[in-house]
Amino acid sequence: MVFFEKNKYAIIGGLVGLILAILLMTIGFFKTLLALIFVILGVCAGIFLKQTGIIDQFIDR
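Residue numbers (numbering that gives the first Met the number 0): 0 to 60.
Hints are computed from structural coordinates only; laboratory data are not their basis. Virtual Cβ for every residue (Gly too), placed ideally from N, Cα, C. Be aware that one or more of the hints could be misleading.
To be verified - The calculated DSS-like cross-link candidates involving lysine-lysine, where the alpha carbons are at most 30 Å apart (straight line), are:
| hint | residue 1 | residue 2 |
| --- | --- | --- |
| 1 | K7 | K30 |
| 2 | K49 | K7 |
| 3 | K49 | K30 |
Unchecked claim - Pair by pair, the computed Cβ-Cβ distance ranges are:
| hint | residue 1 | residue 2 | range |
| --- | --- | --- | --- |
| 4 | L14 | I36 | 15 to 25 Å |
| 5 | R60 | F2 | 39 to 49 Å |
| 6 | G27 | V1 | 38 to 48 Å |
| 7 | I18 | K49 | 17 to 27 Å |
| 8 | A20 | L40 | 16 to 26 Å |
| 9 | I11 | A34 | 10 to 20 Å |
| 10 | T25 | F57 | 30 to 40 Å |
| 11 | T51 | V1 | 36 to 46 Å |
| 12 | I21 | A44 | 19 to 29 Å |
Given the sequences, and given the hints that come with them, work out the whole structure.
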């Protein structure tokens with residue numbers, strides 16, 4: 000556990016690099032780029048909805 004805590008960002012970066020490499024080799028550059036754009040838009044939408052409280056209002060109904 001100490002190893003993971005000490006090298007957390009290197010391990011996460013390596014896993015992200017591995018996933019990107021697999022995506023690039025299997026579906027190609029532009030499809031991978033499109034998928035990354037959709038992931039970034041989804042994260043931004045989630046952050047926006049959390050900050051404005053829209054999700055909390057919807058769940059409380």
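Now the hints, each set against the structure:
1. Between K7 and K30 the CA atoms are separated by roughly 29 Å; this keeps the pair inside 30 Å, and the hint holds.
2. As the CA atoms of K49 and K7 are separated by approximately 26 Å, the hinted pair is consistent with the 30 Å bound.
3. Proposed proximity of K49 and K30 is supported: the alpha carbons are some 29 Å apart, at most 30 Å.
4. Separated by about 20 Å at the C-beta atoms, L14 and I36 satisfy the suggested range of 15 to 25 Å.
5. One distance hint, 39 to 49 Å for the beta-carbon pair R60 and F2, holds here, with the actual separation near 46 Å.
6. The hint said 38 to 48 Å for the Cβ distance between G27 and V1, and at roughly 40 Å that hint holds.
7. The hinted window of 17 to 27 Å between I18 and K49 holds, with their beta carbons roughly 25 Å apart.
8. About 23 Å separates the C-beta atoms of A20 and L40, a value consistent with the hinted range of 16 to 26 Å.
9. The hinted window of 10 to 20 Å between I11 and A34 holds, with their beta carbons roughly 19 Å apart.
10. In this structure the hint that T25 and F57 lie 30 to 40 Å apart at CB holds, the actual value being about 36 Å.
11. Range check, T51 to V1: about 40 Å between beta-carbon atoms, so the 36 to 46 Å window is met.
12. Here the CB-CB span from I21 to A44 is close to 26 Å, well matched to the stated 19 to 29 Å.
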